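**Q** Residue numbers (numbering that gives the first Met the number 0), protein chains in the order written: chain A, 0 to 306; chain B, 0 to 322.
To be clear, the hints were calculated from the coordinates, so they are not data collected in a lab. Source: prediction; values computed, not measured. For each residue, glycine too, the CB sits at the ideal point set by N, CA and C. Among the hints, erroneous ones may be present.
One side only, chain B facing chain A, incomplete, derived with CB under 8 Å [what the hints assert, rightly or not]: (1) M37; (2) R224; (3) I283.
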Amino acid sequence: MSNISASRSRYNSWGDRIFDTLNVIFMLCLVVVTLYPFLNMAAVSLNDANDAVRGGIHIWPRMFTWENYKFVFNEATIFHSMFVSASRAIVGTIVSVFCTAMLAYTLSRQEFVLRKFITITFILTMYISGGLIPGFLLIRDLNLLNTFAVYIIPGIISVFNMIVIRSFIEGLPEGILESARIDGAGEFATFIRIILPLTVPALATVSLFVAVGQWNSWFDVFLYNSSNINLSTLQYELMKILQTTNTASSSQSAADAFAGAMGGVTAVTPTSIRATMTIVASLPIILVYPFLQKYFVKGMTVGGVKG
Amino acid sequence: MENYTEPVIQTSRGPKAEPAGFKLFLKRLMQQRALVLMSVPFLLWLFIFKYVPLWGWLTAFQNYKPYKKFSEQEWIGFDQFNFLFTDESFYRILRNTFVMSSIKLVLGFVTAIVLALLLNELRNIFFKRVVQTISYLPHFISWVVAASIVTTVLSNEGIINVLLMKIGVLDSPILWLAKGEYFWGILGGTEVWKDVGWNTIIYLAAITTIDPSQYEAAEIDGANRLQRMWSITLPGLKPVIVVLLIMNLGYILEAGFEPQYLLGNGMTSDYSDNLEIFVLKYGIEESNFSLATAAGMFKTVVSCVFLISANSIAKKLGESRLY
Numbered sequence: 000m001s002n003i004s005a006s007r008s009r010y011n012s013w014g015d016r017i018f019d020t021l022n023v024i025f026m027l028c029l030v031v032v033t034l035y036p037f038l039n040m041a042a043v044s045l046n047d048a049n050d051a052v053r054g055g056i057h058i059w060p061r062m063f064t065w066e067n068y069k070f071v072f073n074e075a076t077i078f079h080s081m082f083v084s085a086s087r088a089i090v091g092t093i094v095s096v097f098c099t100a101m102l103a104y105t106l107s108r109q110e111f112v113l114r115k116f117i118t119i120t121f122i123l124t125m126y127i128s129g130g131l132i133p134g135f136l137l138i139r140d141l142n143l144l145n146t147f148a149v150y151i152i153p154g155i156i157s158v159f160n161m162i163v164i165r166s167f168i169e170g171l172p173e174g175i176l177e178s179a180r181i182d183g184a185g186e187f188a189t190f191i192r193i194i195l196p197l198t199v200p201a202l203a204t205v206s207l208f209v210a211v212g213q214w215n216s217w218f219d220v221f222l223y224n225s226s227n228i229n230l231s232t233l234q235y236e237l238m239k240i241l242q243t244t245n246t247a248s249s250s251q252s253a254a255d256a257f258a259g260a261m262g263g264v265t266a267v268t269p270t271s272i273r274a275t276m277t278i279v280a281s282l283p284i285i286l287v288y289p290f291l292q293k294y295f296v297k298g299m300t301v302g303g304v305k306g
Numbered sequence: 000m001e002n003y004t005e006p007v008i009q010t011s012r013g014p015k016a017e018p019a020g021f022k023l024f025l026k027r028l029m030q031q032r033a034l035v036l037m038s039v040p041f042l043l044w045l046f047i048f049k050y051v052p053l054w055g056w057l058t059a060f061q062n063y064k065p066y067k068k069f070s071e072q073e074w075i076g077f078d079q080f081n082f083l084f085t086d087e088s089f090y091r092i093l094r095n096t097f098v099m100s101s102i103k104l105v106l107g108f109v110t111a112i113v114l115a116l117l118l119n120e121l122r123n124i125f126f127k128r129v130v131q132t133i134s135y136l137p138h139f140i141s142w143v144v145a146a147s148i149v150t151t152v153l154s155n156e157g158i159i160n161v162l163l164m165k166i167g168v169l170d171s172p173i174l175w176l177a178k179g180e181y182f183w184g185i186l187g188g189t190e191v192w193k194d195v196g197w198n199t200i201i202y203l204a205a206i207t208t209i210d211p212s213q214y215e216a217a218e219i220d221g222a223n224r225l226q227r228m229w230s231i232t233l234p235g236l237k238p239v240i241v242v243l244l245i246m247n248l249g250y251i252l253e254a255g256f257e258p259q260y261l262l263g264n265g266m267t268s269d270y271s272d273n274l275e276i277f278v279l280k281y282g283i284e285e286s287n288f289s290l291a292t293a294a295g296m297f298k299t300v301v302s303c304v305f306l307i308s309a310n311s312i313a314k315k316l317g318e319s320r321l322y
C-alpha cells in the first residue's frame, strides 16, 4: 500500500490537501472518543474518592491518591476474584488451545476416515444449540455447578478457532508432513514436535481470543457459580457493583447508600471502586493485545469469517 | 457386531458383499488409531455438551418441575407455545430483538465500511497503524467494562451531560440510562464504539487485493480522491460486503444479551428486553424452565432457518465464506 500512497502524493491538489487534513482530524477525534473513557476511568481511580464525587475530573486526577487501588487489592473478595480470573484465563487457554489444535490437526489430514463425519458434526453445532435452559440443566446434572471446572470444560473446543487453526495447517507445505513420516514419527509426536511449532501464528491468534474470552466472562459465573464466592471472577464482581450503582440517580446518592452499607465512614465510594476495578479488569488486555496485532489480523483474514 | 456370533444369521445374509466395505473401514480405522485417539474424545465431549442439551428441548412440551424425574414430568403438548404467542409482552420482546439487531447490523456495516475507506486514504503509514491499534482496543474489553464506561460517560457528571450543558443544548443533566426511548440509540452507539475498529479488519484486507493500476488509471483520468473511493475502492469491496451482510442477516435473532442485560434496568425494560433476556428472566429467575425453553427453542429454530438460507444465498453468489 505504501508505494501507492507515495506515487499519489505527487499529485497534490488543493482538494486533496483539504481531504487529508479533514481525514486526519477525523481520525484524531476517533482516537479521543476511543481513549477518553479509559483515561477518565484511570483519572477517577487515581483521585480521592470523596473529592471525585464532586465531578469535573476528566483525564487527570485532581487529588492524587493510591487509596482506591489499596482498597481493591486489600478487599479479600475482590483480590481473590482477580486470582480466579487469572487462573481461568491461564488454565482455560492452555487446555483449550492444545485440544483445539490437536483436533484441528486430525481434521486437516485428508486421508483420515472420520474426517468428514467429525467436521460436519462439529459445524452443525454452530447452527443449532439447546439454548440456555437445557444447557443449564445439563451442567446441573453433570454436577458441575459450583466448580472451577465449569469455566474450562464446556468451552474446550470452539469451532471457529478450530477452523482458523485447520486452515493454517492446511496451508503448510505438504513436504513437511511427509518428511516427518519418513522419519517414523507417530501422529502424536508429529503433532507435538512439528505441527505445534509451525502453527505458532495461528495459535497466538486463538490464544488471544480464548484468553480474552476467559478473562472477560462473567455470565457463566452468574449462571453456575453465583452462590460460591470463592469462584467469583473480577468481571462478575465489577458487574455486581455496576448493577448497584447504575440505577442510582447520582453518584452522590449512590455513595451515601454505599457508605450506609459499609457502616458509615469510608474512604472509597462505589464510583471510585468501579473506576478502579474497570482499570484493573482492562489493563492486562490493554498491555497484551497490541503485541499480537499482526497475528490476529492475519488470523481473522485466514479464518475468513467475521468474529 | 453381535450378529456375527450367530452362524445361522451369518449364512442366511451372505456376509461377503456388505462387510467388505465395513471391514475396510475398520481396517483403516485401526491403521489410523492414533488419529482416532486424538479426535474421538472431543467427539464425545461434543456429544455431551452440544447434542445432549437438544434432548432438553422436550421440556418445552412439559410442565417441568425441577424436583421431579424426567419420567414423572407432566406432558402438556404445545401449551407453552400457545402461551408465548398469545402473550402481548412476547411480541414486544420480538420487536425489541429485531429492532436492536437491525440497528446493530446497519450501523455496524456503514460505520465499518466508512472507517475502512478513510483509514485506507491515510498517507502516513505509522499514523494509520497507531489509529488502527487504538481502534481495536474496545473490542477486547468485556461488556462489563464497556457498560461501566457507558454508565460513567452518561451519568449526571459524565462528559455527555457536561458537554451538552456547556454548549447550551441542555439546562439540566439528563438521566440517559433511565429513559427507555434513548436505549436503542445508546446501545447502537456503544456497539459501534466497541466494534467499529475491529470490523474494519476484513475490509482493509479486501482493499489490499484491489489492483493498484485501477487507481493509476483513474488518476490519469483526473478522478479526485472521493471519486476514486466511490468508484474503485467501494466496488472492490462489494463482494465482501454482500457476503458479510447475508451472513449477518442469518444472525438477526442473535442480538446478544450482555449489553442489554448490563445497560438495561427496570426503567428501560420495555425497550431493552430481548428474547435472550426473556429466557433468562423466566428460566433462571422464575424457574419456569418449560416456558423459557420454548422461547429458546423458537429462537434457535428461526435463526437456524435464517442461517441456512443465508448460507445458501451466499453459496449461490459464489462466495462461500462460511465453510
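**Q** Now look at each hint and say whether the structure bears it out.
**A** Taking the hints in turn, this is what the structure says about them:
Interface restraint check for B:M37: the shortest CB-CB distance to chain A comes to about 5 Å, inside 8 Å, so the restraint holds. The restraint placing B:R224 at the interface with chain A holds, with a minimum CB-CB distance near 5 Å, inside the 8 Å limit. Satisfaction of the interface hint for B:I283 is found here, the shortest Cβ-Cβ separation to chain A being roughly 7 Å, below the 8 Å cut-off.
The structure meets every hint from the earlier list without exception.
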